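Asks: Residues per chain are reported as follows:
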Amino acid sequence: MNQETEFGYKARQILNQGLDTLDGKVTARLHQARQEALSVERLTVSRLQTAGVGHMVELAFFANARNLVAVMALTVGAMGTYYWNAFEQTQEYEEIDSALLADELPPSAYLDRGFHAWLEHASDSSSQ
Amino acid sequence: MAGAPLSSRNELSSFLAGIERRAFKQAMFAIRNEETALDIVQDAMMRLAEKYADRPAAEWPMLFQRILQNAIRDSYRRSKVRSLWTTLLSSLSPGEDEDSDPLETIAAENESDGLATPHRQLERSQLLGVIEKEIEKLPPRQREAFLMRYWEEMDIAETAAAMGCSEGSVKTHCSRATHTMAAALRAKGIEL
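Going down the list, the sequences are from chains A and B.
Mapping of the first sequence onto the working numbering: residues 1 to 128, in sequence order.
Mapping of the second sequence onto the working numbering: residues 1 to 192, in sequence order.
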């Protein structure tokens, strides 16, 4: 131990003795300051934890983002096909209805059993 | 994840409890005003807790010292500006007198050591008073280096990082501080 270090060591011992004789008001105020500092740290930690939750949600979402987009595209495609088919069928019925109404044969003829029998007989004979 | 912050909070609490009195004394050596010194320590503690609580505990002494010394320097600068306006008033008030004998100003308040004789207690408190006075008289950078190296037990690299200077400068500041203090004590007939 060189002279300087020895001097420093002895000075430290004496200075440390002075710490025990600090005024009660001062030590109380230091205690209060410490508590306030720790409460600030608590706030920072809780804010970080909240940010952590957001980060977890973000991670969970972005890790499966490709799958989610694929499922959504499939759903939209299936719904689109269903609606398109329904629309086409409606259009087909519309055309048949308008053809029937615009035809020379009155719609009441289709309710006539004799007319049905004649149609069947006529189609059979024409096919032969 | 919940365990880490709790343990680090406890660690920080014990760290602050361990350094708060020395930090107050350091601020007092430089500022010589109890209220301001307490404000400085509180401010330094808050800053450490707010900004550096997540850093490894081993770095806290160096970080805290850097914050504390910056706060002391800021406060010192502000007080210098204020003193421009209050020089006359402060010179009339019975404040710190550089020519006064420190041995006369020591309060006989060291009653804690029941084993020591009153004479020994008086000697110790007188010695403490003399050393504190000599530390106050040191140039700021020498005082910082001396206190960090020997009172805070920081190594040269840590002290250099806290002071924002080279390790060589730390050694020089420490050496000068030690020699100045030793000479001043010798002049008063005190040998450590």
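Simulated from the structure, these hints should not be mistaken for laboratory data.
All of these numbers come straight from a predicted model, not from anything done at the bench.
Among the hints, erroneous ones may be present.
[Said to hold, decoys possible] In silico lysine-lysine, DSS-like type, Cα no more than 27 Å apart, as pairs: (1) B:133 / B:51; (2) B:133 / A:10; (3) B:133 / B:80; (4) B:188 / B:171; (5) B:137 / B:171; (6) A:10 / B:171; (7) A:25 / B:137; (8) B:133 / B:171; (9) A:10 / B:188; (10) B:80 / B:137; (11) A:25 / B:171; (12) B:188 / B:133; (13) A:10 / B:137.
Asks: Are there hints from earlier that the structure breaks, and if so, what are their numbers?
Replies: Numbers 1, 11 - these are the hints that the structure violates, sorted from lowest upward.
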